[in-house]
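Student: Chain by chain, the residues run as shown.
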Amino acid sequence: MNELLIIIFAPLIAGVIAWALDIKILRELTGIVGAVIPLSYLIYLYPTIDAGKTIQYTASFAGFKFNFALTQLSWIFAMMAGVVGLAAVLGMASTARSSYEWLFALMSLTGVFGIFLSYDLLAFFIFWEVMTFGSFMMVLKYNKSASLKYFILSVIGAYAMLIAIGIIYARVGSFSFIQVYNAFAQDAALGMVGGETLFSRGEMAAIFGLFLVAFGVKAGTFPLHVWAPDAYSETNQSYTAMFSGVLSKTGVYGFILLYMLMGYRLMAEFGTFRSVPKFGYIIAFLGGLTIIVGGLLAALQEDIRKLFAYSSISQIGYILVAIGVGSALSIEAGIYHAISHALFKGLFFLIVATIIYRTGKTEFKDMGGLAEKMPLTFAMAFVAILSLAGIPPLVGFASKWLIFEAVISQNMPILGGMVFFGSAIGFVYLIRFTYAVWFGQRPTDLNDVKDAPLPLAIGMGILALLNVVFGIAPGLVAGELNKIIGKDVIGGTIWELDIGVGKYNGLLITIWLVIGLLVAAIIYFLGARVRRVPVTDTYQSGNPVTMDYNLTIRRNFFLPLKEALSFWLRISFDKLYRDIAKTTEDFADTLRNYVYNGNVQSYAWYLAIILLILAMWGV
Amino acid sequence: MIGINVYLALIAIATLLSMYRVFRGPTTVDRLVAVDIMTTITTGLMVLFALYYGRMIFLDVALVYAILAFGGVIAFARYMEGGL
Amino acid sequence: MNGQYAALLIAVPLISAFFVPLLKGAGKNAIKYFLIAVTALQTGIAALVFQQVYTTGQPIIVMAGGWKPPVGINLYFGHFAALFVLIVAVVSFLMAIFSLESIKVEPIDKYAMLFLLLMLGATGMIATGDIFNLFVFMEITAISAYALTAYNKTGEAAEASMKYIVLGGIGSSFFLIGVALIYGSLGTLNMAQIAQLAATMNPTVAQVGLALIIFGLAVEAEIFPLNAWAPDAYQAAPHPITAMFSAFVVKAGLYAMARIIYLMQDVGSWGSVLKLLVVLATLTVIVAELAALRQRDVKRMIAYSSIAQIGLIALAFALGTQSGVDAGVFHMVNHAIVKAMLFLAVGYVAMTLGGAEIENFKGLGRRMPLMAFAISVGAIATVGIPLFNIFWSKVRIILATLQVGYTWAAVLVLAASVVEAVYYFRLLHVIWFEGDGEKINENLAIGLMVLFLAALVVVIGIYPDYVWSLAQKAGNDIFNVASYIKNVPLMGVGA
Amino acid sequence: MGEASKISRYLYTVIVLFLIWLFLTASLDPQELGFGLLLSLIVGAFTYEIFTTNGLANLSPKRIAYAIAYIPYFLWAMIMANLDVAYRVLHPKRPINPGIVECRTVLKSDVGKLSLANSITLTPGTITLDVDGDRYFIHWIDVKDSSVEGASKNITEPFEKFLRVIFG
Amino acid sequence: MNALTAVGEILVLLGTFFYILSSLGLIRMPDVYNRMQTATKSATLGSLGVIIGVGIWALGTDFGSAAWLTKTIVIAVFLLLTNPISAHALIRAAYKSGIPLWEGSVVDRYREHLEAKEKEAGSPKNPDETPIKEGGVE
Amino acid sequence: MMKRLLAIILLLIVGYWLAQGLAGVPFGQDKMLVGQYYLDNVKQQTGAVNAVTAVVVNYRGFDTLGEVTVLFIASTGVGALLWKRKKKRSAKTEGSIVLTTGTRLLVPFVMLFGTYIFIHGHLTPGGGFPGGATIATAFLLLYLAFITYEIPHRGFEKTEGLAGMGYVLVGLIGLAIGGYFLFDWIWQTWNFGTENVGRLLSGGFIPIIYTIIGIKVGTELSGIIDGMIKEEVSE
Amino acid sequence: MISVYYFGAIALVLIGLYAILVKKNLLKILIGLSIMETGVNLLLISIGYVSGRSAPILSEGIGPSQAVDPIPQALVLTAIVIGVATTAMALSVAMLIYEKYGTLNIEEIRRLRG
Ligand code: NA
Ligand code: NA
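These protein sequence lines map, in sequence, to chains F, S, Y, W, C, P and Z. Quick note on numbering: UniProt numbering labels position 169 of the first sequence as 169, and the sequence is numbered without any gaps. Quick note on numbering: UniProt numbering labels position 56 of the second sequence as 56, and the sequence is numbered without any gaps. Quick note on numbering: UniProt numbering labels position 151 of the third sequence as 151, and the sequence is numbered without any gaps. Quick note on numbering: UniProt numbering labels position 99 of the fourth sequence as 99, and the sequence is numbered without any gaps. Quick note on numbering: UniProt numbering labels position 38 of the fifth sequence as 38, and the sequence is numbered without any gaps. Quick note on numbering: UniProt numbering labels position 127 of the sixth sequence as 127, and the sequence is numbered without any gaps. Quick note on numbering: UniProt numbering labels position 16 of the seventh sequence as 16, and the sequence is numbered without any gaps.
Misleading hints may appear alongside valid ones.
Looking from chain P toward chain C, a few residues come up when the C-beta cut is under 7 Å (computed) [what the hints assert, rightly or not]:
hint, residue
1, V98
2, L99
3, G102
Capping the alpha-carbon separation at 27 Å, the derived lysine-lysine pairs in DSS-like fashion look like this [said to hold, decoys possible]:
hint, chain 1, residue 1, chain 2, residue 2
4, P, K230, P, K88
5, P, K84, Z, K100
6, F, K361, F, K450
7, Z, K28, P, K92
8, F, K141, Y, K439
What the hints contain is simulated information worked out from the structure, not anything from laboratory work. Backbone N, C-alpha and C fix where the C-beta goes; we use that ideal spot for every residue, glycine too.
Chain F with its partners taken away, still in its complex shape (with noise of 0.2 Å):
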């Protein structure tokens, strides 16, 4: 079987054998094998990648011809759901209840894997649908009306695809990427000299549109994002890691798909405003809402799942921002981006996970104090905070920084705006869920709460560590993000990253941060002998904290913001979504009653019509 295959199937055929042994332990390791095989023939696929070849492979199946090809591109991608589905799925390991999870959530994994290295049409729409399947039963056993949400978008989704696929297919007459690419650039070539194209601007725009609505979907793009809070919220958040992580991803390389293959056609079609292409200014700007409305909304909430929730929808909008400018450095800030936000939400949803695993609790006024009894989660969490916090020397530093440059040296300063808009809001959620979840004090129901269980632990450990290398030695994934487009767009080492107007070395700054911490540390042993006391027992301005103030951060802590944002509140696209349904709904009650009204008289007038309309058509 070829390595492609395996790499694909490997997740599925596992959670199928876990899913029909269903014994525990037996399972579990069943599940974490099957995310390995993938990872490990990734890993070991490397050399060959290294070395600027692809590896392809081609099945005829069910009357197709189906094209998978492992690319740079590709094996980047490939390797962030290797590595951030490994983790979610030792988290799993504690926190799944049932067989079914780790079918499906193993389904899903296939699906992300089949995406990513499909190198055709179809096989990316099947695997999409495989995914979004998954997906979507792993939330459906948690909560109906989310997955409802999640379903129905995606279904739409997905139908939008297919429908810009089948016009594609209509007309090149193949799936394939190659073939697909070539008549998009001869087409754009044509369409340049004013010769006859294969596409309208009409079809164009429709099949431009189609892909925005499919890979928005996915990758919670605004007005789009509606499914994400709730799906991501409920599930496993075990899972989640890999949900919020890596197939939200699958949305992001959707849009860098439809640059690679029919970028010059669009903007042959359509044109470019300040050297940008005017269809990218849509994502760009979609992105940049997505970072504003994903923010702010996180910072409203009061339950720690949906705060991450909202905080990822955030974090993909500054990803659509570097796509959307289009440039090579801002596209390879994109993906760098997306890998650190893998890395550091896959993070903390799996110290969400554990939370929720040893606490039972999900909202901030039930929490407080866990620092102390969870001490290594804090590590981890502390680990997550400062890279999503974008502070050096993490990873999330290093791709925001170069996202930011991107947009600025493409002279766009409201993305820009935006972008900065995104980090400030960052701070704020982070800073409520530092305190109210890890200090403050602890409510008495959680002095037994134990830290990580082990394989939790690891996939922490796992994505930790590579939040920590990545941001350290930033050059390791710069240098592979460059092989993409072929010439070093960012330069520097393994260390430093140099983009021409800036530099960033992780090195340095972690020595410095190095040598700060040491001399924080010499101060605080040298120092007086400080009283130990506990974190419940704190004093302010010399009067006992109350329970009551201590709730203040944990309930309803940004309420003055809410109330300053509650015109814009109200304005829920979730809320339009939802009348829709219910107008389409009552639509369809009616049309059914009026048309399946019980009367056979009726019913023959329905064929006496279909005569009448024989006889006038002429036909």
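With the hints as your guide, set chains S, Y, W, C, P and Z with the ligands onto chain F.
Tutor: What follows is chains S, Y, W, C, P and Z with the ligands alone, placed relative to chain F:
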């Protein structure tokens, strides 16, 4: 003499005339009586047609028709008086 | 090998149906087992025919009475008929087994006869090579369907049957007018000869005749808005019969429609007939899906879903391209399997739990896990999730539709599919995540049947190549009229 | 009157049926004759029990002679009846005086009663409405005498002298 | 033209006349009872005329054979036997389904008979108790 | 009223359309293709004088088999739908002596005539269906005249089944002897009755099939009548 | 100009359809259906007619060139029987409906809908 066409036409007219009662009624039995008469006349018409075409085989058709019509009329009549 | 034995496909169910009155004394179960035996035998013969046609690649032409067409009526077991007659037989066999458990209403002997004749009618409709004989077999199918629809003898059943009768009656009358026109113009009823001479027809006659024939068949093929009888009939009929309606009865009508459409492709107004059919087929999908959306009766909901799928097949056939027809045939096969399974499972649940209302399906995952599993597989397959059989045919239909340039139709059909996804989603949720209850012992035979069908769904979903190659050959059988004409040994009357 | 033997009844039925067959085919082709006989035998076997009680006794010369004589008599009555109808239908004033009267009959056999009833129906201005035992209820288009005796004298008696002999 | 065709045609002519008469009676008479009075008789006689007439007429043609006459006789006898029976059944149906006699009717002995019978029986006779008579009718 | 008006307008348009179609098939014109072949060859190929019969039984035997089946379905269906655990005649008024006696006299004749019709199917118009219908009329008359009359159900159902099987068997014998289902082996293999064309003993298996059909139709229609005429008896 | 037979046939079909479209009583609708079938049969027969020719029974001096088309007649025989069968089915269903619903008014026979 007068010619078979004329008889055919006249009998056909008689059939049509009895149709009047079929549509007019007013009671169901009126219609039934009319149908009965109509079938009787039609039987005669069919026999005459056999002669017109010179095909004796049509006489069988007329007899089958008479039998079925008789059965039908009796059935309706019995239905009307509650005899089914 | 001489293929005349294929006439047994007609003779066996007939003679068996006639035999049932003699068996009446032997008791209800004897009749039910007899039914199983006959359908098994039919399956065997159909398998033989299938095997011969697909290995030799040559159709079997059964010449009734030894008369060569167009003098005599011939049956044409080409790739399509061979495949579908087998499906008819297999589904009948499964439903005969299901009847063992599910048919309690008397008189069983009459049920068995009507059951066999329903199977016979569909077989004949698929096999016949004569347009009037098609009418006869269509009526055999329809009238036994009328009777079986009302078989439960409830008010609803009678009502449903009456609707079916009235609409079916109008349809068949106009069908016959169409036949009369075509016969009047060409002097022949043989399909191959009609195809041969179609181009020479008076264009007005051809237009009106073709339109009327399509109209008549569209009632049986459940094309909107001629399908108003169908939800009622599906809901009211005994469960095995509903499965048969959906799995092959409607398909026989659909096939007949496709066959005649393609036979008449030399007729001037062909394109506009197809266009109209595309519109109606799309409407069929949309209206049926919307009607299913808030349906409380699961059997009726699946009935609407079935109609929608039929609309999809009709759309595929109306595209007028080889790829469309292939996709349509493929979808027919897949849909037959899935809907047989769904109606089997839903029927069994309804008879065990006392009704098909959605409330009865609460906690089904715990109460009847096998049936819940089957319904889930069926639902997921119908929605068109990869790794399940319908995905492949649905994608093919959409691609074929877009290839012809009916983007609007593809968009509308997919929009309707979103609706379909929603109601199946709700069903699944009710089954697995709502309610509770004690586990009920599920009937072994029925359990095995649904597992078999579910396995088919998944196997075809994972490995569609074989069935797809069958579908392609069968599709070619419909689409490639020149080879159809060539294969029928017309004796040159009137030439 | 007692019942005749089964064989007699059967043979009588077969003979009648075969005669009808001869009339139907009017052919002396042995194939026709043979099949006619065969079918008469088969149909006779199924139906002789309801067809006749007297069997071959019906074929006595006297009865046949009276039956033959009855034909012109009846036809004449019928033609008279129709001329009467013609008068009433075509007369602009439609001179009618209808009512239902009762008659008695001396006939005993069912076939006799049937023949009487049919004869009444087909002759001047009368239709048999019902028969109950020996009492006939008759719709009369021009009631001349509403008493039982008077009506009988007018309506039933003219036919009975023949029918009494033919059917007993 | 020969004697047979002449006789036949005369009979057909007369029959046709009675047919028309019959349908006129059907139209002109005031109620269902009187319609029956006029229509049944003339239709039957008309049939006799037309049908036997055809039989005889055919004998005089070049395609004629004895079978024409015998067959027409069978048909004529059949009608002669059945028409009064159906008239009887119909008039009974009319009466029992409650159609009143024409307002000018002078007497209704049947009503008296039925009323007397009802009084005598107390309740209407149960039809189930009357079994089919075994044996023939003479 | 509006509805009626709409219906009329609609029907007029449809009618006009149909008429347009029919205008392309002129009345009275010779449009025969296969039909002429039948007329030219019927006597020699099937031994039947009545071309319609030959078409019905020989050339288009499949239609006829189907037709028989349809009627069988109707009888079965009526039986199934009107099935009651216990059924009984529900007539309230007895037939008068006029009707009962008339029926007694007519039934043998009607039955004989029914057999006459189907046995002469290849020579005269008619055949199994009108013959069967005639026979059924005899039973109808019995039902109408005698309010307690019932057909022998078991026997009728079995006869119906046997007749149907007989038809298929004749067809299968054709398959065995001549290689084709519904092959007329009597005429084409045995050449029975070739010298008799126009007489009774000719027409190959037509008389056999028409006899079978006649019996089948007769019993079936009687069964339908029986099914419809009776009502449920509550126990 | 369209022949009177065609005209009659179409008229019957349309009258039947009219009854189906406007009559409220189920039996009348079924009668409409039967009328329609009759019209169709008449049409079939008319289509097979050839001017100046006789029934396709090749006796009594009628040869192959003097007979009308036998096929439509054969078809009509079949169609009639099918019509009878449909009518029988329809009537028994109507009886069933009357038994269960106590009415034959189609406006009231609509428990199944939606
Ligand atoms: Na009469
Ligand atoms: Na009469």
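Student: Now look at each hint and say whether the structure bears it out.
Tutor: Here's how the hints hold up against the structure:
1. Checking P:V98 against chain C by beta carbon gives a least distance of about 5 Å; that is within 7 Å, so the hint holds.
2. Here the hint on P:L99 is kept, as its CB sits about 6 Å from the closest CB of chain C, short of 7 Å.
3. For the restraint placing P:G102 at the interface with chain C, the shortest Cβ-Cβ distance is roughly 4 Å, inside the 7 Å limit, so the hint holds.
4. The straight-line distance between the Cα atoms of P:K230 and P:K88 is roughly 5 Å, inside the 27 Å bound, and the hint therefore holds.
5. This hinted pair checks out: P:K84 and Z:K100 have alpha carbons roughly 14 Å apart, not beyond 27 Å.
6. Between F:K361 and F:K450 the alpha-carbon distance is near 14 Å, which keeps this suggested pair within the 27 Å criterion.
7. Note on Z:K28 and P:K92: the hinted pairing holds, with a Cα-Cα distance of about 26 Å set against a maximum of 27 Å.
8. Using a Cα cut-off of 27 Å, the hinted pair F:K141 and Y:K439 holds, with the two alpha carbons roughly 20 Å apart.
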